[in-house]
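> What follows is each chain in one-letter form.
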Amino acid sequence: MIDKRVASLAEAVADVKDGSTVLCSGFGSVGEPVELIEALHAQGARDLVIVANNAGLGDTGLARLIGSGRVRKIICSFPRTADPHCFDEAYRAGKIELELVPQGTLSERIRAGGAGITAFYTRVSAGTDIAKGKEVRLFNGEPHVLEEAIRGDFAFIRAESADRWGNLVYRRAARNFNPVMACAAEVTVAQVARIVELGSIDPDHVHTPGIFVDRVVVVPRSPRA
Amino acid sequence: MIDKRVASLAEAVADVKDGSTVLCSGFGSVGEPVELIEALHAQGARDLVIVANNAGLGDTGLARLIGSGRVRKIICSFPRTADPHCFDEAYRAGKIELELVPQGTLSERIRAGGAGITAFYTRVSAGTDIAKGKEVRLFNGEPHVLEEAIRGDFAFIRAESADRWGNLVYRRAARNFNPVMACAAEVTVAQVARIVELGSIDPDHVHTPGIFVDRVVVVPRSPRA
Amino acid sequence: MTPLSRRQIAWRAAQDLPDGAYVNLGIGLPTLVSDYIPEGREVVFHSENGVLGLGPAPAPGEEDPDLINAGRGLVTIVPGGAIVHHNDAFLIIRGGHLDYSLLGAFQVSAAGDLANWATDDPTFPPGLGGAMDLAVGAKEVRVLIEHTTKDGRPRLVARCTYPLTAARCVKRIYTNLAVLDVTEAGFVVREMVAGLDAPALQRLTDAPLAFAPDCGVLKAPPLGERARG
Amino acid sequence: MTPLSRRQIAWRAAQDLPDGAYVNLGIGLPTLVSDYIPEGREVVFHSENGVLGLGPAPAPGEEDPDLINAGRGLVTIVPGGAIVHHNDAFLIIRGGHLDYSLLGAFQVSAAGDLANWATDDPTFPPGLGGAMDLAVGAKEVRVLIEHTTKDGRPRLVARCTYPLTAARCVKRIYTNLAVLDVTEAGFVVREMVAGLDAPALQRLTDAPLAFAPDCGVLKAPPLGERARG
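First to last, the sequence lines map onto chains A, B, C and D.
Using this note's numbering, read the first sequence as starting at 1 and increasing by one per residue.
Using this note's numbering, read the second sequence as starting at 1 and increasing by one per residue.
Using this note's numbering, read the third sequence as starting at 1 and increasing by one per residue.
Using this note's numbering, read the fourth sequence as starting at 1 and increasing by one per residue.
Be aware that a few hints might be false.
No farther apart than 25 Å at their CA atoms in a straight line, the calculated lysine to aspartate or glutamate pairs in the DMTMM-like style are these [stated by the list, open to error]: (1) C/139 to A/129; (2) A/132 to C/146; (3) C/139 to B/214; (4) B/134 to A/148; (5) C/139 to B/59; (6) C/139 to B/3; (7) C/171 to A/142; (8) A/95 to C/121; (9) B/95 to D/42; (10) B/134 to D/16; (11) B/132 to D/120; (12) B/73 to D/121; (13) A/73 to A/99; (14) A/4 to D/16; (15) B/132 to D/121; (16) B/134 to A/153; (17) A/132 to C/121; (18) A/134 to B/142; (19) D/139 to A/214; (20) B/4 to C/140; (21) A/4 to D/140; (22) A/134 to C/120; (23) A/73 to C/121; (24) B/73 to D/120; (25) A/134 to B/148.
What the simulated footprint calls covered on chain B by chain D, stretch by stretch (three residues with Cβ under 8 Å from a Cβ of chain D suffice, anywhere in the stretch; the number is not a length) [what the hints assert, rightly or not]: (26) 4-14; (27) 94-101; (28) 112-125; (29) 174-184.
Derived by calculation from the structure, the hints in this document are not laboratory data.
Virtual Cβ for every residue (Gly too), placed ideally from N, Cα, C.
The whole structure should be built from the sequences, with the hints applied where relevant.
Okay, here's the thing in structure tokens:
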């Protein structure tokens, strides 16, 4: 029997080792698996490489992880969200390495990691400072940048509902990076608002099939503010 | 007002020119826009390049187009379906050029065409006859083949339902190549079993957003055999 | 001479979007554009975080915390809207599926070069977001921008001094003072606000300006800050 | 000596699939495997055309024309199943998400080379399908194959004479006569049918065979053609 449910957040993140690469979904706080990241903070792993769109806001989730000095490097597109003081302080103090990637290239590199595509050529960033040091090649007379796949040791994602096989359904714009990151890690851990019966999700409406998901942990949504 | 409905199959394919590249969806006959292809046959365009998984079966759809000598070249993964006599005859007579592509590479090249990814490296086919003449490059010591994007002048696809914006919903395994090909052509034409009211498809359940679809023509499903 | 307000710049840009257009709205000024589409037109707004059919800000009490735009502002989704994941949101952008990308900017050059992701302040962490993808991928890139910085320096320049987002990508610019096209010959002014003359606009611009023969008056109706904005 | 039937080969391969495995079934013999998963195990079958959770053939009257497997046979979908588009079906394949790929073959070499897409007959149009993707992408590739051709020539060979699908990819082979692993040292026989001895099996194989110390008897229950098959 396939049952990917785990009993606690602590159990869900227990085996993240120092030095791991962790893909963290979300666009700002929407779709962010903030409780998983908080559990990782409590677990204590250090020297992490984080792949995310942002670099945390306020003092929770990614921001706390960065503020506590656990993150060696962040690969992201937009570290400047509302109140990014944890990242800002670490960045200004030279305590965190930043690899800045255009958002679409970031998403595509993660997808490539999940899809068995080792590298690809894109026009995005050609001729800019971001392409410095990267291979550039002409196709149809236009410069293209070679970009390589990204994979995680772990992916932390967040969904609205799941069945015990790990089939996931998202709500509205909380989908964002979740289906992409779910594909691209050795271990994908999903925090979900609720568990539904196996077979209750129409196969045509599954957003992330369970084949991509290793662990599911329930974190009820807080009441809407 | 956005209204992508066209009144007839003939109108939907009227501007396909001789020499066009046409992406035709379907896996065998499931998800195949057979009435659109029949309309193209009636329209008379010649010297076509067809991109499809198969090369037609029996005497309808792609098979008829090939049998009538309208197809100069086919790019596909598996020409040998049940009763492929139209393709077989043309192939044996040297009347059709065949570019054989692994199915996943075919799908990925089409997606790349839709996604603005000009080329990519994959391990698939490295070291085989299919990779002959292609650029091979080592990543992590393993040979990879460089594959380039495919785009169509037209994509013919098939869906279960559509709204007037061209948002599409598929049923079960009839989804197959449809969402992929919808993205990768200058003009995407969808035959659909029925039109539904704008707003009646849950935004979380749209399979192909209307941004990819230029024309929608209704072809009721024939009663199930 | 009365410069346009930020909302009036957004209003002006909205008037040029044709019925049926698919349009991405970048962070900042552009996100205001969706409030001002003329009656009777259907324009589909795309947001890099996977929303197609972005609607106006929600009425009080109708906020959905899972529905935000690229600037993390709460939005609605219109009938006919669709949600896609991030990778498909950028397939749409990079694959040339958007008719227009409306972007903010620090600087735009007379060649259409765009700089909108980093300044020359090394202590200010840069932020790319989807700007590079949008600048390269959309069929047409338009910029909404204040004509000068707060301390009066031109943002429309002969050459960008800030790092580029993409070269030669901007086709039209809406500022608080003028509407300009970027042509092979550089900036061409299509409209400017009443009370401003050509020499005055030129003094606020760091690249030679040409003026269209039919150069018109840039005007917009009075627009209050919307209660729901 | 009684060789296994095609359904018995499928049955034998099914016994080795562990609970929770994600498995692709190739065209032909492998598609029969889903009928024979032991009671109490949940194995999720994937089909290249975008079905996860492939179930058995439908009961008469319950056919769904939109639900087919890679061989175009009508199938069902189990509770917990999911549909994906073709590109995601191959993301799953190429991205290493499948635990096992079960494939048919024309030839397999002692090095694990697989040939299953073209013969040496130039008038026979070749067909790749998803075989190259599956051979490279799955965590483990297993082959189901008749031990010899209809006219008695070996299919397990020292070197493939037909064009390769992929080199060094096959780890285990189920034939009508034996179960073999492909090791660094070549074919190792794990089981063979009763009544067959090592020299006899060697004569039907075009590469040296080693025999596992615990080499067992290959057996399968009698299996009729299922009414619903």
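> Next, verify each hint and record whether it holds.
Okay, the hints, checked on the actual structure:
no. : hint           : result
1   : C/139 to A/129 : holds (23 Å)
2   : A/132 to C/146 : violated (30 Å)
3   : C/139 to B/214 : holds (16 Å)
4   : B/134 to A/148 : holds (20 Å)
5   : C/139 to B/59  : violated (41 Å)
6   : C/139 to B/3   : holds (21 Å)
7   : C/171 to A/142 : holds (19 Å)
8   : A/95 to C/121  : holds (18 Å)
9   : B/95 to D/42   : violated (49 Å)
10  : B/134 to D/16  : violated (38 Å)
11  : B/132 to D/120 : holds (17 Å)
12  : B/73 to D/121  : holds (21 Å)
13  : A/73 to A/99   : holds (8 Å)
14  : A/4 to D/16    : holds (22 Å)
15  : B/132 to D/121 : holds (19 Å)
16  : B/134 to A/153 : violated (33 Å)
17  : A/132 to C/121 : holds (19 Å)
18  : A/134 to B/142 : holds (20 Å)
19  : D/139 to A/214 : holds (16 Å)
20  : B/4 to C/140   : holds (22 Å)
21  : A/4 to D/140   : holds (22 Å)
22  : A/134 to C/120 : holds (22 Å)
23  : A/73 to C/121  : holds (21 Å)
24  : B/73 to D/120  : holds (23 Å)
25  : A/134 to B/148 : holds (20 Å)
26  : 4-14           : violated (count 0)
27  : 94-101         : holds (count 3)
28  : 112-125        : holds (count 4)
29  : 174-184        : holds (count 7)
Checked against the numbered hints above, the structure breaks hints 2, 5, 9, 10, 16, 26 and satisfies the rest.
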